[in-house]
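J.: Here's the letter readout for the chains.
There are 4 protein chains.
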Amino acid sequence: MSTTKVAIVGASGYGARELFRLLLKHPGVQVAAASSRQDESPRVDELHPSLAGRLDLRCEPFDPAAIASKAEIAFLALPHTASMAATPALLENGVRVIDLSADYRLRDPAVYADWYGHVHTDAPRLGEAVYGLPELYRKRIPPARLIANPGCYTSTSILALAPLLAEKLIEPRGIIIDAKSGVSGAGRSPRLDYHFPECNESLAAYGVGRHRHTPEIEQILSDVSGREVEVIFTPHLVPMDRGIFATIYAQPTRSVSEADLLAICRTYYAAEPFVRVRDRIPATKDSAFTNFFDMTLRLVRGKVLVLAALDNLIKGAAGVAVQNLNLMLGLDETTALL
Amino acid sequence: MSTTKVAIVGASGYGARELFRLLLKHPGVQVAAASSRQDESPRVDELHPSLAGRLDLRCEPFDPAAIASKAEIAFLALPHTASMAATPALLENGVRVIDLSADYRLRDPAVYADWYGHVHTDAPRLGEAVYGLPELYRKRIPPARLIANPGCYTSTSILALAPLLAEKLIEPRGIIIDAKSGVSGAGRSPRLDYHFPECNESLAAYGVGRHRHTPEIEQILSDVSGREVEVIFTPHLVPMDRGIFATIYAQPTRSVSEADLLAICRTYYAAEPFVRVRDRIPATKDSAFTNFFDMTLRLVRGKVLVLAALDNLIKGAAGVAVQNLNLMLGLDETTALL
Amino acid sequence: MSTTKVAIVGASGYGARELFRLLLKHPGVQVAAASSRQDESPRVDELHPSLAGRLDLRCEPFDPAAIASKAEIAFLALPHTASMAATPALLENGVRVIDLSADYRLRDPAVYADWYGHVHTDAPRLGEAVYGLPELYRKRIPPARLIANPGCYTSTSILALAPLLAEKLIEPRGIIIDAKSGVSGAGRSPRLDYHFPECNESLAAYGVGRHRHTPEIEQILSDVSGREVEVIFTPHLVPMDRGIFATIYAQPTRSVSEADLLAICRTYYAAEPFVRVRDRIPATKDSAFTNFFDMTLRLVRGKVLVLAALDNLIKGAAGVAVQNLNLMLGLDETTALL
Amino acid sequence: MSTTKVAIVGASGYGARELFRLLLKHPGVQVAAASSRQDESPRVDELHPSLAGRLDLRCEPFDPAAIASKAEIAFLALPHTASMAATPALLENGVRVIDLSADYRLRDPAVYADWYGHVHTDAPRLGEAVYGLPELYRKRIPPARLIANPGCYTSTSILALAPLLAEKLIEPRGIIIDAKSGVSGAGRSPRLDYHFPECNESLAAYGVGRHRHTPEIEQILSDVSGREVEVIFTPHLVPMDRGIFATIYAQPTRSVSEADLLAICRTYYAAEPFVRVRDRIPATKDSAFTNFFDMTLRLVRGKVLVLAALDNLIKGAAGVAVQNLNLMLGLDETTALL
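Residue numbers (this note's numbering), protein chains in the order written: chain A, 11 to 348; chain B, 11 to 348; chain C, 11 to 348; chain D, 11 to 348.
Derived by calculation from the structure, the hints in this document are not laboratory data. For clarity, every value in this text was computed on a predicted model and none was experimentally measured. Yeah, the Cβ is synthetic: ideal placement off N, Cα and C, and Gly gets one too. Hints are supplied without guarantee of correctness; some may be wrong.
Under 8 angstroms between C-beta atoms, here's a sample of chain B residues computed to sit facing chain C [unchecked claim]:
no. : residue
1   : R53
2   : S60
3   : A62
4   : D66
5   : E102
6   : R106
7   : R276
8   : Y279
9   : R286
10  : R290
11  : A293
12  : L348
A few chain A residues that face chain B, going by a derived Cβ cut-off under 7 angstroms, partial list only [to be verified]:
no. : residue
13  : K35
14  : D73
15  : A214
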């Protein structure tokens with residue numbers, strides 16, 4: 011296997027750390043450059059002590075031309091707005107981009123402005139970006155120059171609902187997604203809400219009715235179903251490091267048994283290496299530290315309940331990014347991920 | 011204040027431990043007897059090391075006459091079925107009973123048999139027992155001889171929904187209660203599901219569609235609303251010691267603003283010492299180790315979301331039991347609870 | 011009981027929150043003023059959501075004269091240096107001070123400068139301050155105008171070692187104190203080290219050989235033993251909210267049995283309402299949310315091991331502060347603490 | 011790479027689960043058989059839901075001949091005593107054994123009887139077994155037929171102390187090892203001590219002076235130093251899944267700087283792929299889910315403090331077992347471990 015050189019832009023967060031960790035296992039990839047907005051150009055293993063002794067790489071200030079001279083593909087693990095500032099120059103320098111931020115996920119700049127509260131500064135590229143969820147858009151990924159890597163709540167919700175919406179087995183409106191996430195989903199910047207003695211031994215909902223993954227879920231699921239999907243999305247913060255659990259309530263369009271619904275989901279995902287449609291209710295721990303998405307469903311008093319889980323940092327971020335990379339490079343999609 | 015002697019039957023679990031802890035602060039109560047099914051008649055502070063040095067009391071085998079000679083009121087912190095075996099003899103010996111189990115909560119023995127899988131052996135008393143939720147049944151509690159102390163998920167759900175159902179502001183059917191509980195709610199008996207390395211760093215739903223608090227919630231809320239209430243109740247296990255958070259989705263019956271709904275809830279609970287209707291979303295930690303029930307609500311895309319929390323061991327079990335005790339004794343309802 | 015008015019200066023941290031919580035249970039005290047360095051003069055229950063509905067008090071900028079007009083006693087829950095800036099004016103205005111910071115704990119300003127890295131700006135008062143550990147200095151506390159409330163690691167270590175040092179049963183030098191603390195001990199200011207996904211599921215030593223509680227432990231234990239005590243003190247951060255556990259290794263001065271050593275400790279603390287010398291090894295959870303100090307000891311291969319635990323926020327901070335307050339006011343020492 | 015078939019005997023615990031997980035990544039190994047003492051011959055992914063979809067293997071009752079027909083090497087992840095009952099028949103059937111229990115770690119059957127409380131039933135093989143710590147016994151491992159895989163506390167302690175003892179830089183007696191472990195170290199059998207609401211949010215020492223890893227540590231370190239080593243070993247239970255941290259206090263034999271000591275350790279471990287001698291104090295999280303052993307040291311008031319960490323389930327159990335397997339098969343020692 012020849013070696014592809016990649017860069018990680020925004021090297022200090024958890025998404026970046028997981029990328030480093032996964033790519034160190036990848037036989038066909040070398041992380042040749044890393045950048046961070048921190049002044050002192052830290053070594054990667056100073057930023058991430060768990061990587062001590064694993065790689066000899068120092069962060070540099072972000073420089074698109076320098077990256078282009080060292081890498082074919084750049085992972086952007088930046089906050090939103092920082093990604094749309096960095097992406098154009100990378101693309102213009104011939105670097106393909108896998109963007110882990112939300113900046114290129116929404117197609118409509120008006121929707122972006124509405125939910126993110128500011129104008130999108132690279133709106134023309136919103137149409138060009140490929141939404142990097144291989145289970146739904148696998149064919150578009152290999153040639154893509156700009157991948158919008160999905161959000162973590164988003165992937166959980168979309169993968170859980172896609173089979174039933176694609177088969178028109180549930181109503182596309184009024185879907186309730188009650189989602190629970192570990193704290194790493196909030197990023198690595200210290201803030202009182204994520205200070206250990208505040209969120210440990212506590213659970214609460216947040217961002218009720220206004221979490222930014224809502225329009226992303228709706229956009230993709232509308233694609234899948236061919237009809238306008240509307241969801242109520244309620245995230246909760248859970249005192250654990252990683253993992254998302256989604257409990258989803260939908261209205262069936264017709265009478266169908268639990269067994270049939272499960273069989274339909276199994277058929278829908280039959281060829282997927284990272285989707286496990288299971289009988290038993292998954293726990294987040296079952297998929298923690300893996301690229302698996304786990305789901306099952308139940309019929310309760312006339313509603314379909316879909317119960318789904320994944321690791322927010324892997325299948326919800328860095329893992330699916332590597333899955334996208336593998337597809338872009340024509341490699342086995344599971345490389346470095348099993 | 012004169013001293014009332016009480017007994018704790020079933021002294022080894024978390025409900026009992028919290029009762030001991032609260033009653034040690036109670037100026038008008040003395041725990042004069044404790045019983046446990048364990049053979050060796052352990053001291054209470056052997057069962058509960060946190061009570062070391064706090065009380066000099068040894069458990070005895072359960073003996074209704076002996077309890078009657080020592081105590082006016084018995085708290086039953088027993089598993090279901092054990093309570094209905096112990097209660098008749100206590101009542102016949104003149105001991106008033108506050109039963110923390112589920113045995114006397116449901117009025118209809120057929121519903122009990124349906125959800126608990128066996129016949130109720132003391133069915134005639136189901137009609138006599140008073141449901142011990144002071145916010146709804148305060149007037150019936152002082153003279154009661156048998157209190158059915160509410161379940162933890164139940165109290166959270168009922169208190170969250172009572173104002174809106176009482177005022178007919180939401181539809182009584184199709185209510186979704188997505189509830190999350192700390193692990194102490196599962197009791198103190200070791201089991202693989204609650205073994206630390208299994209449930210730590212993990213979250214999952216369980217008992218989907220068949221949790222036994224469902225009929226209890228429906229019975230009381232049907233009372234409150236005067237119509238038949240039907241809920242979908244989904245419990246989840248959360249890696250924390252204590253606390254329940256309920257995220258509830260209901261259909262408004264008419265157009266009403268969030269502010270008005272909050273005002274209606276505040277009015278409904280205006281005189282309640284342990285209900286806090288708040289603007290901000292409560293975290294379980296806000297009410298942990300207290301007898302408070304916290305709630306707020308939001309309107310999202312045409313649905314009412316009620317967000318509620320309490321401490322499952324206190325307001326959800328031992329605290330409300332002491333609140334009931336205070337009412338039964340004619341004391342200030344908040345004694346030992348603030 | 012008449013009501014004494016007190017102030018809490020530095021209302022936003024965990025020490026202050028615990029003070030509010032304890033004092034709300036105190037029948038003889040009213041918190042009449044609170045100050046915070048935050049600009050917006052927040053309400054206390056905005057700073058501490060768990061106190062919602064419990065008190066109607068707004069923070070004000072620190073003003074010694076205003077405090078003096080409202081309160082007899084001020085608790086200072088400030089970072090070190092801030093306390094020594096605030097204390098002189100309070101005392102001059104006739105307010106007695108219970109300082110929870112480290113500023114007045116060390117008697118020798120040179121030692122302070124050495125460990126804290128700057129000059130003490132109120133050095134003359136170092137001699138006047140009374141070290142507020144009632145088990146050792148109970149008689150000096152009632153008349154004190156300035157109480158230096160002990161550190162949390164410090165109290166654990168001192169109470170664990172005092173009986174053996176006082177009775178000259180262990181060598182005063184070469185004592186190893188391996189201490190483990192919950193994260194609330196690090197305060198409420200967000201920092202990467204205490205960001206949930208960093209310190210959760212992790213344990214490490216920190217401040218090895220240079221933690222500032224070292225000279226405080228040595229000063230007080232030298233007092234107790236009449237000889238110069240030297241310790242090696244190693245703190246560790248543990249993924250839990252609260253609790254300190256100290257594992258202490260000392261060299262016996264002569265042959266004595268474990269039973270005799272325990273008996274000597276029990277005698278030493280016989281009259282203490284908050285010290286529990288136990289047979290079994292205490293867990294931090296046994297004393298969590300209480301003002302108890304738990305200890306036991308073992309003889310292992312010629313060393314004495316003392317195993318001790320307390321709640322860092324209560325017996326290690328706010329609880330002992332209230333204990334000191336009770337002594338200063340001539341009240342039962344356990345008021346609001348059991 | 012050709013494929014070696016292996017068996018896992020005792021498939022239900024955490025050590026076994028980690029073996030499955032690691033071996034699924036191993037290009038040269040296939041798990042061809044698994045056994046469990048459970049009656050119902052469960053599938054491996056029923057025992058370990060995280061392995062859903064990963065392997066199609068059902069446990070069978072233990073049968074040495076059947077294992078010999080399917081596998082060349084057997085990992086024994088059994089409780090002690092069960093291993094010494096199973097090992098002889100496996101060896102006699104020509105199966106090489108990597109035993110993760112304590113049964114073959116101690117050379118002297120009298121020491122075994124003393125610490126484990128019963129007679130060793132396969133004492134003659136104690137001399138034959140190779141202690142499977144590659145950093146110390148690498149040359150003996152390739153030809154071994156019976157590997158005694160080290161204990162988790164043991165490896166942490168031994169690797170931390172070996173360089174200093176080998177170089178005679180510390181006194182071999184009076185070494186204090188204060189060790190802290192995550193709860194998975196206690197195994198997967200539910201017990202009150204490991205019930206989530208008991209050990210969560212709590213820390214305590216246990217087994218003080220009588221933990222069975224003590225003689226194992228002493229035996230190997232006596233080997234290393236050529237003198238009789240004596241330690242005081244104090245384990246603590248920490249509310250986290252995995253990780254061991256050891257804080258070790260030793261007396262230097264002569265004056266030497268911290269930098270020199272670190273340099274000596276780095277030289278000692280220069281060729282080791284899984285030892286990281288670091289400047290900064292390691293956290294258990296740095297090596298969690300890896301096969302790395304991390305250490306550093308400090309000089310404090312005349313004592314050497316060694317601070318060391320590893321993942322108890324990987325470098326402390328299943329990871330080192332795979333490392334041993336790689337050596338036994340003549341493969342790159344890091345296969346499946348990076």
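J.: So, A293 (chain B) near chain C? Judge it on the closest CB pair being under 8 angstroms.
T.: holds (7 angstroms)
J.: Quick check on the hint: R286 (chain B) CB to chain C CB, less than 8 angstroms?
T.: Cβ of R286 (chain B) sits 5 angstroms from chain C, so the hint holds.
J.: Does R106 (chain B) pass the interface hint, meaning its C-beta sits closer than 8 angstroms to a C-beta of chain C?
T.: violated (27 angstroms)
J.: Should the interface hint for L348 (chain B) be scored as holding, given a Cβ-Cβ cut-off of 8 angstroms against chain C?
T.: With a minimum Cβ separation of about 7 angstroms from chain C (threshold 8 angstroms), the hint on L348 (chain B) holds.
J.: With chain C as the partner, please determine if S60 (chain B) meets the hint condition of a C-beta pair closer than 8 angstroms.
T.: At about 5 angstroms, which falls below the 8 angstroms cut-off, the nearest Cβ of chain C leaves the hint on S60 (chain B) intact, so it holds.
J.: Given R290 (chain B) as an interface hint, is the shortest Cβ-Cβ distance to chain C below 8 angstroms?
T.: holds (7 angstroms)
J.: Return the status of the interface hint for D73 (chain A): holds when the least beta-carbon distance to chain B is below 7 angstroms, violated otherwise.
T.: violated (39 angstroms)
J.: Double-check Y279 (chain B) for me: the hint is only fine if its C-beta lies closer than 8 angstroms to a C-beta in chain C.
T.: violated (11 angstroms)
J.: Hint validation: D66 (chain B) versus chain C, beta carbon distance must be below 8 angstroms. Holds or violated?
T.: violated (14 angstroms)
J.: Against chain B, is A214 (chain A) within 7 angstroms by beta-carbon distance?
T.: holds (4 angstroms)
J.: Would the hint on R276 (chain B) be counted as holding, given a Cβ-Cβ threshold of 8 angstroms to chain C?
T.: violated (11 angstroms)
J.: Under 8 angstroms is the threshold here; is the Cβ of R53 (chain B) close enough to any Cβ of chain C for the hint to stand?
T.: violated (12 angstroms)
When each numbered hint is compared with the structure, violations occur for hints 1, 4, 5, 6, 7, 8, 13 and 14.
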